[in-house]
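Protein chains in written order, with the working numbering: chain A, 1 to 220; chain B, 1 to 220; chain C, 1 to 220; chain D, 1 to 220.
No wet-lab data here; the hints were simulated from the structure. Idealized CB from N, CA, C, for every residue including glycine. Warning: the hint list may mix true and false statements.
[Stated by the list, open to error] Interface residues of chain C toward chain A, partial, derived using beta-carbon atoms under 8 Å:
| no. | residue |
| --- | --- |
| 1 | I53 |
| 2 | L94 |
| 3 | V166 |
Protein chains: 4
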Amino acid sequence: MIIVNFKTYLEATGKRAVELAKEAEKASKETGINIVVAPQFADLARVAEAVEIPVYAQHIDAVFPGAYTGHILAEAVKEAGASGTLINHSERQLKLADIDATIRHAEEKDLTSCVCTSNPPISAAVAYLHPDIISIEPPELIGTGVAVSKAQPEAVTDTIKMVRKVNTEAVILCGAGISHGEDVAVALKLGTQGVLVASAIVKAKDPYTILREFADSSRT
Amino acid sequence: MIIVNFKTYLEATGKRAVELAKEAEKASKETGINIVVAPQFADLARVAEAVEIPVYAQHIDAVFPGAYTGHILAEAVKEAGASGTLINHSERQLKLADIDATIRHAEEKDLTSCVCTSNPPISAAVAYLHPDIISIEPPELIGTGVAVSKAQPEAVTDTIKMVRKVNTEAVILCGAGISHGEDVAVALKLGTQGVLVASAIVKAKDPYTILREFADSSRT
Amino acid sequence: MIIVNFKTYLEATGKRAVELAKEAEKASKETGINIVVAPQFADLARVAEAVEIPVYAQHIDAVFPGAYTGHILAEAVKEAGASGTLINHSERQLKLADIDATIRHAEEKDLTSCVCTSNPPISAAVAYLHPDIISIEPPELIGTGVAVSKAQPEAVTDTIKMVRKVNTEAVILCGAGISHGEDVAVALKLGTQGVLVASAIVKAKDPYTILREFADSSRT
Amino acid sequence: MIIVNFKTYLEATGKRAVELAKEAEKASKETGINIVVAPQFADLARVAEAVEIPVYAQHIDAVFPGAYTGHILAEAVKEAGASGTLINHSERQLKLADIDATIRHAEEKDLTSCVCTSNPPISAAVAYLHPDIISIEPPELIGTGVAVSKAQPEAVTDTIKMVRKVNTEAVILCGAGISHGEDVAVALKLGTQGVLVASAIVKAKDPYTILREFADSSRT
Numbered sequence: 001m002i003i004v005n006f007k008t009y010l011e012a013t014g015k016r017a018v019e020l021a022k023e024a025e026k027a028s029k030e031t032g033i034n035i036v037v038a039p040q041f042a043d044l045a046r047v048a049e050a051v052e053i054p055v056y057a058q059h060i061d062a063v064f065p066g067a068y069t070g071h072i073l074a075e076a077v078k079e080a081g082a083s084g085t086l087i088n089h090s091e092r093q094l095k096l097a098d099i100d101a102t103i104r105h106a107e108e109k110d111l112t113s114c115v116c117t118s119n120p121p122i123s124a125a126v127a128y129l130h131p132d133i134i135s136i137e138p139p140e141l142i143g144t145g146v147a148v149s150k151a152q153p154e155a156v157t158d159t160i161k162m163v164r165k166v167n168t169e170a171v172i173l174c175g176a177g178i179s180h181g182e183d184v185a186v187a188l189k190l191g192t193q194g195v196l197v198a199s200a201i202v203k204a205k206d207p208y209t210i211l212r213e214f215a216d217s218s219r220t
Numbered sequence: 001m002i003i004v005n006f007k008t009y010l011e012a013t014g015k016r017a018v019e020l021a022k023e024a025e026k027a028s029k030e031t032g033i034n035i036v037v038a039p040q041f042a043d044l045a046r047v048a049e050a051v052e053i054p055v056y057a058q059h060i061d062a063v064f065p066g067a068y069t070g071h072i073l074a075e076a077v078k079e080a081g082a083s084g085t086l087i088n089h090s091e092r093q094l095k096l097a098d099i100d101a102t103i104r105h106a107e108e109k110d111l112t113s114c115v116c117t118s119n120p121p122i123s124a125a126v127a128y129l130h131p132d133i134i135s136i137e138p139p140e141l142i143g144t145g146v147a148v149s150k151a152q153p154e155a156v157t158d159t160i161k162m163v164r165k166v167n168t169e170a171v172i173l174c175g176a177g178i179s180h181g182e183d184v185a186v187a188l189k190l191g192t193q194g195v196l197v198a199s200a201i202v203k204a205k206d207p208y209t210i211l212r213e214f215a216d217s218s219r220t
Numbered sequence: 001m002i003i004v005n006f007k008t009y010l011e012a013t014g015k016r017a018v019e020l021a022k023e024a025e026k027a028s029k030e031t032g033i034n035i036v037v038a039p040q041f042a043d044l045a046r047v048a049e050a051v052e053i054p055v056y057a058q059h060i061d062a063v064f065p066g067a068y069t070g071h072i073l074a075e076a077v078k079e080a081g082a083s084g085t086l087i088n089h090s091e092r093q094l095k096l097a098d099i100d101a102t103i104r105h106a107e108e109k110d111l112t113s114c115v116c117t118s119n120p121p122i123s124a125a126v127a128y129l130h131p132d133i134i135s136i137e138p139p140e141l142i143g144t145g146v147a148v149s150k151a152q153p154e155a156v157t158d159t160i161k162m163v164r165k166v167n168t169e170a171v172i173l174c175g176a177g178i179s180h181g182e183d184v185a186v187a188l189k190l191g192t193q194g195v196l197v198a199s200a201i202v203k204a205k206d207p208y209t210i211l212r213e214f215a216d217s218s219r220t
Numbered sequence: 001m002i003i004v005n006f007k008t009y010l011e012a013t014g015k016r017a018v019e020l021a022k023e024a025e026k027a028s029k030e031t032g033i034n035i036v037v038a039p040q041f042a043d044l045a046r047v048a049e050a051v052e053i054p055v056y057a058q059h060i061d062a063v064f065p066g067a068y069t070g071h072i073l074a075e076a077v078k079e080a081g082a083s084g085t086l087i088n089h090s091e092r093q094l095k096l097a098d099i100d101a102t103i104r105h106a107e108e109k110d111l112t113s114c115v116c117t118s119n120p121p122i123s124a125a126v127a128y129l130h131p132d133i134i135s136i137e138p139p140e141l142i143g144t145g146v147a148v149s150k151a152q153p154e155a156v157t158d159t160i161k162m163v164r165k166v167n168t169e170a171v172i173l174c175g176a177g178i179s180h181g182e183d184v185a186v187a188l189k190l191g192t193q194g195v196l197v198a199s200a201i202v203k204a205k206d207p208y209t210i211l212r213e214f215a216d217s218s219r220t
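Model the full assembly from the supplied sequences, consistent with the hints where possible.
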């Protein structure tokens, strides 16, 4: 599984979000690897209309329908075509009680929940809240091009061990610094089920080629 | 001018956001009154495609394009079809420096900025930051059905006086509790150029009728 | 163990914080029950000088010494005489990563960490981060006079079960609505090691009598 | 006027806060210049007992007495001996409505309010809220050793002009990068009434000498 986080990069905003999602869809169909795209909220509907691969929101707020101007409602991203959501990304961290609440909201709205975590104990803590996916991303490696799977393999394996003690079902991903197909292959060998990536794809001159490389590395 | 804030009401989410925007467009065309709709981020693109009246975002974050997962980029709401944005709504308040920064971002992206404020001195403070629109909304009246224009007429007239000392150009609206055509008429008589409304329209059994009543009262 | 949270009640500010702490000390010495007081930051030093019972801060920030104007440094509360700190109280909630960071800071500065949690899964999640004390407080009962130990005994017993799976050492307290000695007795019977209380003591006409009642109930 | 912000520097925590405050008092008495110290909350009481110069809090929260665990109450810092407070420092920024509320709280409790701002329009906006002191600090210069009075003299003079249009009474200070007596002298020549400083004093090998230099430059 590969999740591509579009962040607020201009290279993945508006029309370019749709184009990038189509390249992800192409790589997914050719390889059979599950590739998910996570565009900005304002682009969710257009991206979801344009592609058949899963589309995730980048965040939802722990609010219910009502008087919450400027907030992100699970119901709204669902109706816009999202089938899941990132939660607690290091650039959009939540209070613990809100992580719990948003996982519950996602569950009720049939949205796949992918909670981002930063170290093994925090990942294990989150495992107890039973999200669908846990993605470990040491914040200090994000955007560096130094892959967590290579720089901190023990962070990944420790996380898997600690998470599995209390949760045998969550999909475990790793992120931060994933730049080459080899990084993806190492991540899988360490026991994860995939990767969460952003700049390596979004900022690439030819995102399709990199995505294809990542997807191919996921098959081996 | 009437701005309809959809908040995160289910009655104004997804398809229902598009329907409500169409009723606003109908009332606007029939009366010649400028009616603006402010749907949720995930609904911006579909609403903007469906109607010709102005569409505003409910909030933008003080961030630039880049690594800001889960944030609201001015560029993204613009490309989704928004022509303006609410800023600092009482349900989504900002730090002072971020109010200034988002007004500047909006300006650069040619988005109309509508800053919400809660009392006369705060409104005058905001006037110095030169947003396009200032909307005064005493938080204690929001959602009550008690109109600010009737309950606190002096809050409205004091605001106008203080704002005009330093800013002769900003459009001044008032909000909170506006429920009847008469509330709109009083607001205009007090010297505002219009109203910011939410539940009175969104929660109405027949939003078009109320909108039409508000628009008609705006013409007298 | 009884922790008395002074919150920002005027009845427990300044001189009155010192007086209340002395009554807590008296009740503690007479009964042999460990009573801890948690005054406001500005009162920590005077309270810690006046009594020999443990004094906790109400919160620490996840910051290091440096350029963090207006923040609460673990080193500062320690030097003021605190021997522990509340973390993540429902009125001062933290991001998950900051809960982890503040527990680590407390550990390094030899401060006892007491993390407040709101439901069994969240308590179990926190248990993985190994604070010294976990205090479960369903936010909907805080300040109601309806004791968590009576209204939601299963919340307490479920928490204990889930916490003990991953953490056999943390002291487990319960809070919210504790008003009578009997509530304390029930809390202990359910398997906790004590209670976290606030208004029942701080707002009492005669705090000593209530504290003494709570302490006596802790001995049975 | 010179305000020394102790931030959360270890060099100005606990006993060392008291020592530094005494050196400030010495420089103040010798020169007749008003020197204010702003230690951490936990150190307020001990510092205020040890010196006769004014002691400010670094922040207060926009809360009233009551159930606000871990917050900073105006009443508590007042009773601990503070005679004023910083508000909205760039490292502890507030929502606009909370800046207004804390200025009001400070006024009611007879605490001098010193609001920090970052650019001329924001300073003028704050001027409308009538704090006692406005201190302009361009965030990009804080801690750099490049003095705002030299690097951005027009920021200072523009601020003074804009502030004076609406507020003739507020004391105007400037901060950020003030390192030498000459920086202070320039700040005064530009029309300010003093400076807000931190690392140049707190991190100095001999804080007294620098403080004395600053105070002497304030007299010319």
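**Request:** So, C/V166 near chain A? Judge it on the closest CB pair being under 8 Å.
**Result:** holds (7 Å)
**Request:** Would you settle whether the hint for C/I53 is holds or violated, based on the nearest Cβ-Cβ distance to chain A being less than 8 Å?
**Result:** Check failed: Cβ of C/I53 comes no nearer than 29 Å to chain A, outside 8 Å.
**Message:** Can you verify the interface hint for C/L94: is its Cβ closer than 8 Å to any Cβ in chain A?
**Reply:** Holds: closest Cβ of chain A sits about 6 Å from C/L94, inside 8 Å.
Consistency with the previously given hints fails for number 1 only.
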